[in-house]
Amino acid sequence: MIYLDLFLGFLKVGCFSFGGAYAAIPLIREIVLSYGWLSDEALSYMIAVSESTPGPIMVNLATYVGSSQAGFFGSLLATTAVVLPAFVIILLVMCLLKTAIKNQYVQAVMRGLKPAMIGIILATGIYMTHKAVRAADGGLGFDGKALILMHIIIFYKIFSKRILKKKPSPIFLICLSAVLGAVIFAL
Amino acid sequence: MKKKNLLLDLFLTFAKIGLFTFGGGYAMISVVEDICVEKKKWISHEEMMDVIVVAESTPGPIAINCATFVGFQQAGLIGSICTTIGIVLPSFVIIFLISLFLDSFLEITLIANAFRGIQICVGLLILDAGITMIKKMKKKPLTIAIVAVTALVMLLINFLSLRFSSIALMLIAGAVSLGVYLLQQKGGKKA
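Residue numbers (my numbering), protein chains in the order written: chain A, 2 to 188; chain B, 10 to 200.
FYI, nobody ran anything at the bench for these hints, they're computed from the structure.
Where a beta carbon is used, it is the ideal one built from N, C-alpha and C, also for glycine.
Some hints could be false.
[To be verified] Heads up, simulated BS3-like pairs for lysine-lysine below, C-alpha to C-alpha not over 27 Å straight-line:
| id | chain 1 | residue 1 | chain 2 | residue 2 |
| --- | --- | --- | --- | --- |
| 1 | B | Lys-195 | B | Lys-144 |
| 2 | B | Lys-13 | A | Lys-162 |
| 3 | B | Lys-48 | B | Lys-13 |
| 4 | A | Lys-158 | B | Lys-145 |
| 5 | A | Lys-166 | B | Lys-25 |
| 6 | B | Lys-195 | A | Lys-103 |
| 7 | A | Lys-103 | B | Lys-148 |
| 8 | A | Lys-158 | A | Lys-146 |
| 9 | A | Lys-168 | B | Lys-148 |
[Claimed, not checked] A few chain B residues that don't get close to chain A, going by computed Cβ distances all over 10 Å:
| id | residue |
| --- | --- |
| 10 | Lys-49 |
| 11 | His-54 |
| 12 | Ser-113 |
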């Protein structure tokens, strides 16, 4: 039952994604891959699209996966599911749980959850970058053009931060890498 | 009549925030602060700080948390429903439209090449987000150990294509942290 899977899958995402947009990506990736809804490549494209369109990345991804799997109602269900936990929790916090969140034991659990999440994000970043620069034939080597592109982006980022004293926006970096990709891979 | 206007105002304001904030999460905080605290005076700066703390320690997109909070503060449950739908609606419509065309779009070689470049960039962006979080994190031995161990385990899971849920990994870390806290407390009482 695709509707139920979509709803439960994204409810899980909504329940376990602490601390902002990128924190949810490893979890979304895991769920989307395990159900076979998207490939790793398609997910990367969608993260880029989500980053370049307005709104929370999590909501954007839920809408897209829902729509690609089960049309309009799929996207409606997935989006509702991903939003629901945050909505309900804030209502609960405002009505009755104001003290629970400051409870020392709850805080102790949180102190474990957050670094674990950071570790998971790091691992996902490394894995996805590695996968993107790997040779197209699936061997152990790297794709030369992809490596060049990666270094240009890293270099630009450091240059912008150190010399221009301005952190480049993700949208700008995505546009830059799109232009670079279109040029370098066409050569 | 006045209440109806307020609900409409809440809905439209948050739809506008949803439409014009790119990049999610932290980018949205400054916009919400500007509109809801400075211009509309719906909530105070201190309340805004409270929401961010709660938003960070509860799951879900921070933008949704903020919207729900302001809506509830101003007009109760109906208010919170208006603001939450308001903030989600623009991106829902945009992404839904994109999803209808993306596949045929990707068949063009030029676009496919551009997206190969983007794929690398997305990996780097995620890595960068992780590094930024480490920089902001309070560095204690236990937290550093948890970051290192989960990162290693997660890498192994990814590269060896093992089936182990990252949710389980997070829950284990939470349990370990609670365990250490309880032990420390016990030790503290003895000493």
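Here's how the hints hold up against the structure:
no. : hint                  : in the structure
1   : B:Lys-195 x B:Lys-144 : 31 Å, violated
2   : B:Lys-13 x A:Lys-162  : 47 Å, violated
3   : B:Lys-48 x B:Lys-13   : 20 Å, holds
4   : A:Lys-158 x B:Lys-145 : 19 Å, holds
5   : A:Lys-166 x B:Lys-25  : 30 Å, violated
6   : B:Lys-195 x A:Lys-103 : 20 Å, holds
7   : A:Lys-103 x B:Lys-148 : 21 Å, holds
8   : A:Lys-158 x A:Lys-146 : 19 Å, holds
9   : A:Lys-168 x B:Lys-148 : 24 Å, holds
10  : Lys-49                : 19 Å, holds
11  : His-54                : 18 Å, holds
12  : Ser-113               : 13 Å, holds
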